[in-house]
Amino acid sequence: MSTEFEFTVDGETVVAKPGQTIMDACDDAGVYIPRLCDVEGLVPQGSCRVCTVKVNGRTAAACTQPAEPGVVVENDTPQVQGYRRDLVRMLFHEGNHLCPICEASGRCELQAMAYRLGISQDSLYPYLQPVRPVDASHPDIALDTNRCILCGRCIRASRDVDGKNIFEYVGRGIHKRIGVNAENLAASDASIDDYAMSLEVCPVGCIIRKREGFFAPIGQRQFDNKPIGWEIEARHKNRIAVHQIDPSEEQS
Amino acid sequence: MDNDNATLIKQACADYDNDPRRMMDILWQVQDKLRCIDGEAMSLIASLTGTYRVEVEGVVSFYAFFSDKRKGDITIRLCDDIIDRHAGAQAVAEAFSGALGIQPGETSTDGAFSLEFTPCIGMCDQAPAALINDVVVTRLTPAKVKSILRTLRKTKDPQTLIGKTGDGANSDPLVQAMVRNNIRQPGPVLLTDVDPEQGLRAALQLSPQEVISHIEESLLRGRGGAGFPTGRKWRLAANTPAEERYVICNADEGEPGTFKDRVLLTEKPDLLFSGMTIAAYAVGARHGILYLRGEYRYLRAYLEETLQRRREQNLLGSGILGRKDFAFDIRIQMGAGAYICGEESSLISSCEGKRGEPKNRPPFPVQSGYLGYPTVVNNVETLSCVPRIMAQGATWFRGMGTTGSSGTKLLSVSGDCARPGIYEVAFGVTLAEILEQAGAQDAAAIVVGGASGQIVGRTEFHRRLCFEDLASAGAIVCFNSSRNILEAAAYYMDFFIEESCGYCTPCRVGNVFLKKGLEKIMHGEGEPEDLDYLRNLSDTIIATSRCGLGHTSPNPILSTMEYFPLVYSAMVKERPGGMQAGFNIQKALDEARIIAKRRSLIYDPAYGDRE
Chain A
1 MSTEFEFTVD GETVVAKPGQ TIMDACDDAG VYIPRLCDVE GLVPQGSCRV CTVKVNGRTA
61 AACTQPAEPG VVVENDTPQV QGYRRDLVRM LFHEGNHLCP ICEASGRCEL QAMAYRLGIS
121 QDSLYPYLQP VRPVDASHPD IALDTNRCIL CGRCIRASRD VDGKNIFEYV GRGIHKRIGV
181 NAENLAASDA SIDDYAMSLE VCPVGCIIRK REGFFAPIGQ RQFDNKPIGW EIEARHKNRI
241 AVHQIDPSEE QS
Chain Y
1 MDNDNATLIK QACADYDNDP RRMMDILWQV QDKLRCIDGE AMSLIASLTG TYRVEVEGVV
61 SFYAFFSDKR KGDITIRLCD DIIDRHAGAQ AVAEAFSGAL GIQPGETSTD GAFSLEFTPC
121 IGMCDQAPAA LINDVVVTRL TPAKVKSILR TLRKTKDPQT LIGKTGDGAN SDPLVQAMVR
181 NNIRQPGPVL LTDVDPEQGL RAALQLSPQE VISHIEESLL RGRGGAGFPT GRKWRLAANT
241 PAEERYVICN ADEGEPGTFK DRVLLTEKPD LLFSGMTIAA YAVGARHGIL YLRGEYRYLR
301 AYLEETLQRR REQNLLGSGI LGRKDFAFDI RIQMGAGAYI CGEESSLISS CEGKRGEPKN
361 RPPFPVQSGY LGYPTVVNNV ETLSCVPRIM AQGATWFRGM GTTGSSGTKL LSVSGDCARP
421 GIYEVAFGVT LAEILEQAGA QDAAAIVVGG ASGQIVGRTE FHRRLCFEDL ASAGAIVCFN
481 SSRNILEAAA YYMDFFIEES CGYCTPCRVG NVFLKKGLEK IMHGEGEPED LDYLRNLSDT
541 IIATSRCGLG HTSPNPILST MEYFPLVYSA MVKERPGGMQ AGFNIQKALD EARIIAKRRS
601 LIYDPAYGDR E
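First to last, the sequence lines map onto chains A and Y.
Heads up: the first sequence runs through residues 1 to 252, numbered per the numbering used here.
Heads up: the second sequence runs through residues 1 to 611, numbered per the numbering used here.
Don't read these hints as lab results, they were simulated from the structure.
Beta carbons: idealized from backbone N, C-alpha and C, even for Gly.
Treat the hints with care, since some could be wrong.
Computed list of lysine to any residue pairs in SDA-like fashion (alpha-carbon distance at most 25 angstroms, straight line) [claimed, not checked]: (1) K354/Y with E183/A; (2) K597/Y with Y127/A; (3) K54/A with D172/Y; (4) K226/A with D24/A; (5) K54/A with Y563/Y; (6) K354/Y with L124/A; (7) K520/Y with L486/Y; (8) K516/Y with R85/A; (9) K597/Y with E74/A; (10) K354/Y with V161/A; (11) K71/Y with H175/A; (12) K516/Y with D530/Y; (13) K520/Y with R89/A; (14) K354/Y with K237/A; (15) K573/Y with Y563/Y; (16) K237/A with L98/A; (17) K17/A with S368/Y; (18) K54/A with G548/Y; (19) K515/Y with I119/A; (20) K597/Y with P130/A; (21) K587/Y with P130/A; (22) K516/Y with L124/A.
Computed spacing ranges between beta-carbons, pair by pair [claimed, not checked]: (23) E233/A with N536/Y: 27 to 33 angstroms; (24) K144/Y with P130/A: 38 to 44 angstroms; (25) N5/Y with C99/A: 45 to 51 angstroms; (26) E233/A with A596/Y: 43 to 49 angstroms; (27) N239/Y with I218/A: 37 to 43 angstroms; (28) R535/Y with F214/A: 53 to 59 angstroms; (29) R235/A with T395/Y: 46 to 52 angstroms; (30) R132/A with P229/Y: 54 to 60 angstroms; (31) N5/Y with D76/A: 57 to 63 angstroms; (32) S108/Y with N56/A: 53 to 59 angstroms; (33) A596/Y with F214/A: 25 to 31 angstroms.
Covered by chain Y, per the in silico footprint, the following chain A stretches (three or more residues, Cβ under 8 angstroms) [stated by the list, open to error]: (34) 43–50; (35) 85–92; (36) 99–110; (37) 166–180; (38) 197–211.
Excised from the complex, chain A in its bound form (with noise of 0.2 angstroms):
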């Protein structure tokens, strides 16, 4: 086992393990990056660009770039969230998201995302509005890829826990999308128990399990106290505790 060496993060120093990524090392460190295809437990892919740093002066995406020794990594910086927002403006703009009728709302990893960077008005780029198919074939999941965000986690879910290959991408392009490895997903051996329909693994409301809409009341959903990624900053050593405050109190 070779040993443990040092970068820095907006000029912290942060400790890697050999064969980490920045991601992970920073992830460990408890110095949050935001990101959206990338979750625990899955191969990162590098897509969503979400991760985007720079490193030594050049970007790259921190979830499949490696630590080294010595790199000077920037994370927090203006440059830097700006592409981020753009990126998640793309997002936005691609497909259809119009969170007040979404029942992920509150635990959109999208959404929370658009908060955590401070997008809250509209940007200059145009809305594509495509229409694409809802498959509610399945008696205990519905697809509406109206809002995939083609991060792939359900592909990689469903391939590498599962065992399964339910999903795959199918066309290229503008017009890639997420197949099913069926006619529909009725007609394959998709499961309302598999680790692919999980609430952890569809970060948007694509993914839904039937009968289970709006299960949580509006102040009790996932990101109505916190913002993303404050679990991993609660690991930071000198993190001190930040009370987000609720625009309704703050009023009254």
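Assemble chain Y onto chain A, guided by the hints.
Then chain Y, alone, in the frame of chain A:
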């Protein structure tokens, strides 16, 4: 599925040992025989190769030449490149459409014909051109369309369209193409009459390490555009401990306006294969792959035969030229219509039978490439230089070109010029000199390097073609002053949107936004801030994209903004009183009407009248 089709599919899989890594070959065979790869075929292929149906669907849907819907027995793919458009491709398309009664993208009801558009097929020097199944037809006119269809209806064999064959090996019995080489200026390195095996014989007298040193000393750099030092690439692969290593030749020449590899593959295949063999000897590879773009399938039989002859001549196989310890062979991998596969890691994915998506780096292909083995991927032109360097010496090679760019470069010149074709020139030649030679004196804009290159104006014609100044894969596309530069930029953006693999967000989505932003300006709805918008969006796409496609896709817009600022400033206007030029009330209302399925009383007088 009927039994005959199932038998054909089983045969296709069996021909490749039911190996999922040969998925591209299996799919080609099925597509050829059944004219489509539908859901049932995907299921059967998946079960025979031990994969999943959706994985097969992922591959089928990735490549433009595969289809899940039945294509006509004869598929006409019209080249839709900007050069073809300038040469009258639209009129040709209309002639085909009219005569066949189908629009591009459709198949005739009797299943006889499909009509499609396809990006650059590497025939810009003889545009407008088309692929009819695998057969290339060039210099099309609306008048020729009639006779083409008459012949096709009678013989049902596109090969019968070929009357007079082209020069050189285009007339070879195994090629029989009407393609012309258009070699306008031969040079001392590649387009010259020499013994192609002299370099291989010289190399085999040396140790592999010495061969690598030789190539390093020659300062040979990758001819595909990026210019990575070839010797260093080889050394990295050779120094990676592994049981196997691979040498892959990138013949997926997809950059719009490039066709030099076509000419090398036609006229100098032995030089190329000799170069691959030297590379294999240097890095310790036993297997090589020539990744041939689907558009050049008409050269396949000829190249296969060349390989076979080399095996018989002991230039391939085991104990090459008496070296008992050296065995090497080459197989041809067909591409199937995907520009992204020219990116080396995508090309490797495609060779492995997968979607042609780039891989994460690190590890680099020289560390872990094809099937996880160290792999050297070099361009056709780069590998073709190798035997010449081994035969004539590194000093000879360095004596041509500039300090940072040794040797010669093949330029593919096309567009508004009197003499389109291939020019072998020493690096460092100026654009003006090339334009003079090609007879493009009235050129107003030049695309250097194709879609991913730079569109430059007259102020830049003094610049030199070399890695230190205007680096490129050698496409020189000429536009005269009658051409609309924004239309060209918009065409190239469409090309990138079509060819993005969609893996990463910025390239998949950002390019669509760039094109829409450009369209707004072209429609006269642009404001000065829109130029900043395009710059900022380009910056994000370049900084955050995963591979070279996204790193270069904003170039058509960025370079036209840089070199043709007056065109843009003439198109954008400051609007008084906070009015948005981009906002069209009637258009917005039309959209709202469609959504609401009703009309507005205020803005639609006709509605009031009817009441």
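Evaluation of the provided hints:
Between the alpha carbons of K354/Y and E183/A the distance comes to roughly 21 angstroms, so the proposed pair stays at or under 25 angstroms and holds. Taken as a hint, the K597/Y and Y127/A pair is honoured in the structure, with Cα atoms around 20 angstroms apart against an allowance of 25 angstroms. For the given pair, K54/A sits about 54 angstroms from D172/Y by alpha-carbon distance, which is inconsistent with the 25 angstroms threshold. Between the alpha carbons of K226/A and D24/A the distance comes to roughly 22 angstroms, so the proposed pair stays at or under 25 angstroms and holds.
Of the pairs offered as hints, the one joining K54/A and Y563/Y is violated, with about 30 angstroms between alpha carbons and a cut-off of 25 angstroms exceeded. Distance check on the hinted pair: K354/Y and L124/A sit about 36 angstroms apart at the alpha-carbon level, beyond 25 angstroms; violated. In summary, the hint linking K520/Y to L486/Y is supported, as the alpha carbons are separated by about 11 angstroms, within the 25 angstroms threshold. A distance of roughly 20 angstroms separates the Cα atoms of K516/Y and R85/A; the hinted pair therefore holds under the 25 angstroms criterion.
A threshold of 25 angstroms between alpha carbons decides the hint, and for K597/Y with E74/A the separation of about 50 angstroms lies outside it, so the pair is violated. Distance hint between K354/Y and V161/A is fulfilled; the C-alpha atoms sit about 21 angstroms from each other, no more than 25 angstroms. Between K71/Y and H175/A the alpha-carbon distance is near 20 angstroms, which keeps this suggested pair within the 25 angstroms criterion. Proximity of K516/Y to D530/Y is assessed by CA-CA distance (about 11 angstroms); at most 25 angstroms being required, the pair is judged to hold.
Between the alpha carbons of K520/Y and R89/A the distance comes to roughly 20 angstroms, so the proposed pair stays at or under 25 angstroms and holds. Proposed proximity of K354/Y and K237/A is contradicted: the alpha carbons are some 44 angstroms apart, above 25 angstroms. A threshold of 25 angstroms between alpha carbons decides the hint, and for K573/Y with Y563/Y the separation of about 19 angstroms falls inside it, so the pair holds. Restraint check for K237/A and L98/A: not satisfied, since their Cα atoms lie roughly 38 angstroms apart, outside the 25 angstroms limit.
A hinted pair counts as satisfied when its Cα atoms are at most 25 angstroms apart, and K17/A with S368/Y qualifies at roughly 22 angstroms. Distance hint between K54/A and G548/Y is fulfilled; the C-alpha atoms sit about 17 angstroms from each other, no more than 25 angstroms. Of the pairs offered as hints, the one joining K515/Y and I119/A holds, with about 24 angstroms between alpha carbons and a cut-off of 25 angstroms not exceeded. About 18 angstroms separates the Cα atoms of K597/Y and P130/A, which keeps this hinted pair within 25 angstroms; it holds.
About 18 angstroms separates the Cα atoms of K587/Y and P130/A, which keeps this hinted pair within 25 angstroms; it holds. Restraint check for K516/Y and L124/A: the C-alpha separation of about 11 angstroms stays at or below 25 angstroms, so the hint holds. Our hint of 27 to 33 angstroms for E233/A and N536/Y holds, since their Cβ atoms are close to 29 angstroms apart. Between K144/Y and P130/A the C-beta distance comes to about 40 angstroms, which sits within the given range of 38 to 44 angstroms.
About 48 angstroms separates the C-beta atoms of N5/Y and C99/A, a value consistent with the hinted range of 45 to 51 angstroms. For the pair E233/A and A596/Y, the beta carbons lie near 45 angstroms from each other, so the given range of 43 to 49 angstroms is met. Under the hint 37 to 43 angstroms, the C-beta atoms of N239/Y and I218/A, about 60 angstroms apart, miss the expected range. At roughly 43 angstroms, the beta-carbon separation of R535/Y and F214/A lies outside the given 53 to 59 angstroms, and the hint is violated.
A hinted range of 46 to 52 angstroms for the beta carbons of R235/A and T395/Y is inconsistent with their spacing of about 60 angstroms. Hint check: R132/A to P229/Y, Cβ distance near 46 angstroms, so the stated range 54 to 60 angstroms is violated. Taking 57 to 63 angstroms as the suggested C-beta distance range, the pair N5/Y and D76/A conforms, at roughly 58 angstroms. Distance hint for S108/Y and N56/A: a CB-CB separation of about 58 angstroms, consistent with the stated range 53 to 59 angstroms.
A C-beta distance of roughly 27 angstroms is found between A596/Y and F214/A, which places it inside the suggested range of 25 to 31 angstroms. A count of 6 residues in the region 43–50 of chain A with a Cβ less than 8 angstroms from any Cβ of chain Y is obtained; the coverage claim is therefore met, three being the minimum. Coverage of the region 85–92 of chain A by chain Y holds [criterion: at least 3 residues with CB-CB distance below 8 angstroms; count 4]. Interface restraint, the region 99–110 of chain A with chain Y: violated (0 residues with C-beta to C-beta distance below 8 angstroms; minimum three).
For the region 166–180 of chain A, the stated coverage by chain Y holds: 13 residues have a C-beta nearer than 8 angstroms to a C-beta of that chain, and at least 3 were required. Requiring three or more residues with a Cβ within less than 8 angstroms of a Cβ of chain Y, the coverage given for the region 197–211 of chain A is violated, as only 0 such residues are present.
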